Amino acid sequence: MEAQKREIKRKLRQLQSLPTLPPVVSRLTKLIGDENTTALQIAEVIEKDQVLTSKVLKMVNSAFYGFPKRISTVSSAIVLLGFNVIRTLVLTASIFEMMQSEDLGLWEHSLGVAAASGILAQHLELKNQEEVATAGLLHDLGKVVIRAEFPHFYKQILRLVEQEKLSFLEAEKQILGMYHGEIGEFLVRRWNLPERLVEPIAFHHEVEKARKYKKETAIIHLADIIIRALGYGNGGDPWVPGLQDKAWRWLGLDRKDLEELLPLLDERLLELRFFTLEIQGLGFA
Amino acid sequence: MRVAAEVKDDQGRVICAPGLELDASILERFQRLGVHYLVVEGHPVNFPWERPLEEDLEELEKRFSHTSDPRLLMLKELIKQYWQKSRKPE
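Just so you know, the protein sequences line up as chains A and B, in that order.
Counting from 1 along the first sequence, just add 2 to a position and that's the residue number in our numbering.
Counting from 1 along the second sequence, just add 1440 to a position and that's the residue number in our numbering.
Read the hints as simulated data drawn from the structure, not as lab findings.
Some clues are possibly wrong.
Unchecked claim - Covered stretches of chain A (in silico footprint by chain B; criterion: 3 or more residues with CB under 8 Å from a CB of chain B, positions within the stretch not fixed):
(1) 229-243
(2) 260-273
Unchecked claim - Simulated pairs of lysine to any residue, SDA-like, Cα-Cα distance not exceeding 25 Å:
(3) B/Lys1516 x A/Pro265
(4) B/Lys1448 x A/Glu269
(5) B/Lys1448 x A/Leu271
(6) A/Lys71 x A/Lys129
(7) A/Lys32 x A/Asn194
(8) A/Lys248 x A/Leu126
(9) A/Lys216 x A/Leu266
(10) B/Lys1516 x A/Glu172
These numbers were taken from a predicted model, which means no experiment stands behind them.
Backbone N, C-alpha and C fix where the C-beta goes; we use that ideal spot for every residue, glycine too.
Put together the whole structure using the sequences plus the hints.
Take a look at the structure:
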């Protein structure tokens, strides 16, 4: 298994079929690293690429961030969501595109977890709520990588889920010796995403490993459970994952909180259904 | 059919309070004002992704079939109650 893990990591270093990072990302990383950079300067870099601009604005205006007003410029998006969120959206725009076309169920699951994470972060009055929602959006990035880079293993995992009734997570561990959280972590660390995004992606199934961002990680863990419970999208198997005691304790939620959150989430999920139809070029009209 | 929640245009401005009775001309005006969706009382519309409530409840039970965690079973009960309440025909 250790040799297999090493082999997977070696292959991850030389990713082929995942969309490569747009060159604009390295420019953005440099700019964001400079504390004198303004939102306008960053917006100018993004806006040079019209396709990218429209992709970013589409995501920013989708229901999982839940802004009441339409955001029409990249600079206002940066002011509202912060540099890190915009950089992450730029970075992952092509990956989401691949998800939309190849695994709609996982795309919907990710959008749903993003919405639920944002609502939980707001309810718990966390700072950087948009970053928590973004972590929700990216939490299953590792599954996208397994599907794209290791299709043979991916099929074996699905077969185990189907035949042995194992969860996707258990099947991954059996086939790969590792799971999507570790793979996602490997990738987002290489992209130098902030730790606030890395920990929830890496540890949403092992919350006890979170060091700095325990609440954020616990939120993604619970959001994943709630979205699976509602049957929104497809997370790889049909069952609700186990709830970890630490996550529940860290969040300090009770029945009343969940009762309050369900209608809010239901409304967001309905908007997200329309969003998904819209980006697929379908509609009701 | 009545509006159940504030209707907002694409700038997030509230253009109508809950309670308004809808007709074709109002819907047309909403469309012109950039309204993407609105929430109405009851459950008069079946979306393409929706199944009958009984089927959804059955699927809900299946999704929880691997767990006996009381906190998760509470979540299941809350979802069940919420669906039964919100999807009750008018």
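Hints and how they fare:
no. : hint                 : verdict
1   : 229-243              : holds (count 7)
2   : 260-273              : holds (count 8)
3   : B/Lys1516 x A/Pro265 : 14 Å, holds
4   : B/Lys1448 x A/Glu269 : 14 Å, holds
5   : B/Lys1448 x A/Leu271 : 17 Å, holds
6   : A/Lys71 x A/Lys129   : 21 Å, holds
7   : A/Lys32 x A/Asn194   : 12 Å, holds
8   : A/Lys248 x A/Leu126  : 16 Å, holds
9   : A/Lys216 x A/Leu266  : 24 Å, holds
10  : B/Lys1516 x A/Glu172 : 23 Å, holds
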